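Peer 1: Sequence:
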Amino acid sequence: MVTGFARASVDAGLAWSRGLSDAAAIRKALEPRVSSKGEPVNQGVGLTLVTGLARRTQAWVLILSGTGIVQMDPDGRINEQSLPSGCFYRGTLVTLAFFHDKLQDFYILLDAAKQEAGLLAKKPISTRFT
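The sequence shown lines up with residues 1 to 130 when you count with the numbering used here.
Since the hints were made in silico from the structure, they are not lab data. Some clues are possibly wrong.
Calculated cross-link-like contacts (lysine-lysine; reagent style DSSO-like; alpha-carbon spacing at most 30 Å) [claimed, not checked]: (1) K114 with K28; (2) K114 with K102; (3) K102 with K28.
Note that this is a predicted model, so its numbers are computed, not measured.
Using the sequences and the hints given, assemble the complete structure.
Peer 2: Written out as structure tokens, the structure is:
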């Protein structure tokens, strides 16, 4: 069976996705922890992390699933579209296009995006044991 992002979200038991188009479901899933199913703990934060990195580096993002297309430009503007009638993408494709000069401090940017997505504690964890 071929499904897009919205149907896969409904099948996963995510009530927020009922009645949404693939593009609208993708856009909603960009919000932190919206698509998290709880276990494993970090499931459902991938798109949030990707778009967080893109915002910090002024990158382009393209997400394609089912009939939905969501694009984010370097200024953070998000555009939803649908594929032409009769067209369908099986699975989910996520692409990023970065400016090379924006990636100088990639690890710092990744850490900040992880904090924004709720993956890291706000205070640094001490590695010192007493």
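Peer 1: Now tell me, hint by hint, if it's right for this structure.
Peer 2: Each hint, compared with the structure:
{"no.": "1", "hint": "K114 with K28", "verdict": "holds (18 Å)"}
{"no.": "2", "hint": "K114 with K102", "verdict": "holds (18 Å)"}
{"no.": "3", "hint": "K102 with K28", "verdict": "holds (27 Å)"}
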